[in-house]
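*Asks:* The listed protein sequences derive, respectively, from chains A and B. Per the numbering used here: the first sequence ends with 281, consecutive numbering throughout. Per the numbering used here: the second sequence ends with 743, consecutive numbering throughout.
I should point out that these hints are in silico values taken from the structure, not numbers from a laboratory. Keep in mind that this is a model prediction, so the values were computed, not measured. Please note: incorrect hints may appear among the correct ones.
Stated by the list, open to error - In the BS3-like style, the derived pairs of lysine-lysine whose C-alpha atoms are separated by at most 25 Å in a straight line are:
#, chain 1, residue 1, chain 2, residue 2
1, A, Lys104, B, Lys739
2, A, Lys190, B, Lys739
3, A, Lys104, A, Lys190
What the hints assert, rightly or not - Restraint-style ranges between C-beta atoms, simulated for each label pair:
#, chain 1, residue 1, chain 2, residue 2, range
4, A, Gly239, B, Pro604, 48 to 56 Å
5, B, Gly690, A, Leu29, 25 to 33 Å
6, A, Val47, B, Glu645, 56 to 64 Å
7, B, Leu505, A, Ile264, 39 to 47 Å
8, A, Gln186, B, Arg632, 17 to 25 Å
9, B, Ile481, A, Val87, 31 to 39 Å
10, B, Val634, A, Gly239, 40 to 48 Å
Note that beta-carbon positions come from the ideal geometry of N, C-alpha and C, so glycine has one too.
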Amino acid sequence: MRLIESRTTFVLTYTALAILLLITLFPIALLVLNSLKPATQIVQSPLAWPEVYRWDNFVRAWNDARFGTTMLNSAMLAALTIVLVCSTGSLTAYVLARRKIKSWKIVTFYLLATTTAPIQLFLFPLYFGFAKLGLINNVFAVSLIYTAIYSPFAVMLLRTYFLAVPKELEEAALIDGATHWQVFSKVMLPIVSPGILTVALIIGLYSWNEFLVATTFLQRTDRLTAVVSFFLLSGQYTSDWGEIMAAALIIVLPVIVLFIALQRRFIEGMAGGSVKG
Amino acid sequence: MHRLYLIPTLLINVVIIFIPAALTIALAFCRWDGIGMPVFIGLANFRQLLADRVFWMALGNNVIWTAIFLTVPIAMGLLAATMMLIARRGSSFFQVVYFLPMVIATAITARVWQGMIYSPLTGIAGLVTRAGFPVPNPLTQPSTALYGIAIVDLWHWWGFLCVIFFAALRQVPQEQIEAARIEGASFWQMLRYVLLPGIRPTITLMMIMTIIWSFLVFDFVYILTQGGPAFSSEVLSTLAYRSAFYDLAVGKAAAVAVVISLFGLATTAVYIRLQAKEFDQ
Chain A
5 MRLIESRTTF VLTYTALAIL LLITLFPIAL LVLNSLKPAT QIVQSPLAWP
55 EVYRWDNFVR AWNDARFGTT MLNSAMLAAL TIVLVCSTGS LTAYVLARRK
105 IKSWKIVTFY LLATTTAPIQ LFLFPLYFGF AKLGLINNVF AVSLIYTAIY
155 SPFAVMLLRT YFLAVPKELE EAALIDGATH WQVFSKVMLP IVSPGILTVA
205 LIIGLYSWNE FLVATTFLQR TDRLTAVVSF FLLSGQYTSD WGEIMAAALI
255 IVLPVIVLFI ALQRRFIEGM AGGSVKG
Chain B
463 MHRLYLIPTL LINVVIIFIP AALTIALAFC RWDGIGMPVF IGLANFRQLL
513 ADRVFWMALG NNVIWTAIFL TVPIAMGLLA ATMMLIARRG SSFFQVVYFL
563 PMVIATAITA RVWQGMIYSP LTGIAGLVTR AGFPVPNPLT QPSTALYGIA
613 IVDLWHWWGF LCVIFFAALR QVPQEQIEAA RIEGASFWQM LRYVLLPGIR
663 PTITLMMIMT IIWSFLVFDF VYILTQGGPA FSSEVLSTLA YRSAFYDLAV
713 GKAAAVAVVI SLFGLATTAV YIRLQAKEFD Q
């Protein structure tokens, strides 16, 4: 069924959508195109097709940005954060969704309020405190910061999945003699596992891409994340834009592949929570 | 019993966010270099801020930023979402592409725009200049630096709004759309009288979030210009960051952070009221 019958409206609509499509894809196309070019050709024209394919841009980018180490740091940081957010978040989301405690409202509002707090409001004492405790350049400590920042979002998203589970399931399990913990871990968790997977994907993406906290708390060269290492490479160590774009592509490609493969999960997770309002 | 389930989340939250936030508020009334003992100086930090030209510039830039992001991306998102509703075929494809910039790291988006588009040497701006139409690099001009950054953030951000609005539009009752269609409503009439009123709660929520996020903007400013040239693109969050870590004026940084939070707090009050309505339903 069509919204509007007029043919001109229809043609205009597609034209406008296509223009927006081009605007969106243009910088990404420049990224990919120039990652294959020698620096001298980029200076002539960033738009031209590569005269020679400089695959060694990727080799130099990999070595100069120390992706062997920094990618591993990013992956570890993302994995730790995913585990922490999913485990602590699902416990909290379950209790808040089922209103198991009297103060569920206060806790929910408190968590919502922290999502709107600027990072600068807690960054400085946290940094100098961590410095005193020797926690700078500690990946686990940073994953705790990410957990604090991202778990309110995770709790709100998981809460909607718990809300969708019929109460009767829980009651039936309790009548059959299950403990409260068994109800949560054996009955509820398996049902909401698609929600947990969505949260894991999005939290993984956020911590892979995060800049401000990572650049502040992980400064030693062997502890940098891939994104911060890219930032330093492009800002200080080289002005070869072929190499810089190759480094960018190395970080972005796995993300884009994953996003396209699991687009519905990403989009529903990142955008879905806001629609109900 | 179930109280125990909340402990991990709340413990991490309190240690990482609540206690340091309380300390920041206390530090706003102190002079501290991050190493020695903080010295209580009352309102001196705030008085200094009020007399500081850069602080007012940063605050003004945050207000400009809010004005830009309350209008341009929301209008773009609404228009594109409505057009996707009309087009129907291919809408999920458009949606995925428009959303794509959101999953790219801000540091990378910033560098691509800086080097491949704005740069007079390696970018499109340089190419156009060499072709005889001089285009200055917006990031190096005090009068345009903020807008140059805003364009990058717009590119990164508007698709997210578009997807949210599209999801909301699809929940507008079919009967209303059908009725308007039978009466021969034009595109603009459909938008004005059926679709926009149908998704008003979503638009309101996104506007509130836009105000909050506009006072938090950091990554693109810090990476693209570091607040320069001559503080022309400074925003409150970069001012606070620089004061704390470059000038070691942590008390001043804390005072700026408190100012940012006050703007957030006012908006958050509205936001929580809206959420409260949803929870009561």
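*Asks:* For every hint, state whether the structure bears it out.
*Replies:* Hint check results:
The straight-line distance between the Cα atoms of Lys104/A and Lys739/B is roughly 20 Å, inside the 25 Å bound, and the hint therefore holds. Between Lys190/A and Lys739/B, the direct Cα distance comes to roughly 33 Å. Violation of the 25 Å bound is thereby established for this hinted pair. Annotation: proposed proximity of Lys104/A to Lys190/A holds, straight-line Cα distance about 18 Å (limit 25 Å). Checked against the given bound of 48 to 56 Å, the beta carbons of Gly239/A and Pro604/B, roughly 21 Å apart, lie outside it.
Look at Gly690/B against Leu29/A: about 30 Å separates their beta carbons, and that is inside 25 to 33 Å. Hint check: Val47/A to Glu645/B, Cβ distance near 59 Å, so the stated range 56 to 64 Å holds. Under the hint 39 to 47 Å, the C-beta atoms of Leu505/B and Ile264/A, about 54 Å apart, miss the expected range. Checked against the hint of 17 to 25 Å, the C-beta distance between Gln186/A and Arg632/B comes to roughly 39 Å, which is inconsistent with it.
The beta-carbon spacing between Ile481/B and Val87/A, approximately 24 Å, falls outside the hinted interval of 31 to 39 Å. At roughly 47 Å, the beta carbons of Val634/B and Gly239/A sit within the given window of 40 to 48 Å.
Hints 2, 4, 7, 8 and 9 from the list above are not met by this structure, while the remaining hints are.
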